[in-house]
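Trainee: Given the sequences, and given the hints that come with them, work out the whole structure.
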Amino acid sequence: DEVGASASLYGSHSLKYCKDPVQHSQFQLHTNQRKRDQIVLIQNTIRKLKNTFNKEFDDVHASKRQEILRVSERTERVKQILVDLKSDEKVSVPSFKSIEMPETFLVVEDSEIPFEKYLSPEELAAELERKRLEEQRRLLEQADNARE
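The numbering of the sequence shown is this note's numbering, which starts it at 1304 and goes up by one.
Be aware that a few hints might be false.
What the hints assert, rightly or not - Estimated spans, in silico, between C-beta atoms of each pair:
no.: 1; residue 1: 1359; residue 2: 1415; range: 50 to 56 Å
no.: 2; residue 1: 1437; residue 2: 1369; range: 42 to 48 Å
no.: 3; residue 1: 1428; residue 2: 1354; range: 41 to 47 Å
Unchecked claim - Simulated pairs of lysine-lysine, PhoX-like, Cα-Cα distance not exceeding 20 Å:
no.: 4; residue 1: 1420; residue 2: 1434
no.: 5; residue 1: 1367; residue 2: 1420
no.: 6; residue 1: 1382; residue 2: 1393
Derived by calculation from the structure, the hints in this document are not laboratory data. Each residue gets a CB set at the ideal place from its N, CA and C atoms; glycine is no exception.
Mentor: The following block contains the structure:
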């Protein structure tokens, strides 16, 4: 029960992930210098825990990406077989959910914003002019394509 003892002596279960024999027990923190040292050691442990978590997350994410690719290939083969059998069954294709893609997590798409973009009077005039020219071009193309 070394893990339980370490949690009660050191105040967390972090020793399971980061072995740091330099840290002091909670009961040995009597002087200010030892408390300051413990703060620095805890900050170091936090940094190690974050790095360990990020590494494990990246490993699991890469593994999941591989499995999704492998299943997608098999799904394509199943779809081909269903076409050959003239079956109408639908096969779902696995994919990542938006929350599982950290690189796109903080990106805001225009479709997510329910409000219309504000256009200044100059931008509005330029947009109207662009639409007028586009309509004029479309009418000229229609006139050229008219069969007589």
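Trainee: Next step is simple, just say for each hint if it's right about the structure.
Mentor: Structure-based check of each hint:
1. Between residue 1359 and residue 1415 the CB atoms are about 30 Å apart, so this pair departs from the stated range of 50 to 56 Å.
2. Between residue 1437 and residue 1369, the C-beta spacing of about 47 Å keeps the proposed range 42 to 48 Å intact.
3. Judged by the Cβ atoms, the range 41 to 47 Å given for residue 1428 and residue 1354 is violated: they are separated by roughly 54 Å.
4. For the hint linking residue 1420 to residue 1434, the alpha-carbon distance of about 17 Å falls within 20 Å, and the restraint holds.
5. At roughly 38 Å between alpha-carbon atoms, residue 1367 and residue 1420 are farther apart than 20 Å, so this suggested pair is violated.
6. Distance restraint check for residue 1382 and residue 1393: the Cα-Cα separation of roughly 8 Å lies within the 20 Å cut-off, and the hinted pair is therefore satisfied.
Violated hints for the displayed structure, listed by number in ascending order: 1, 3, 5.
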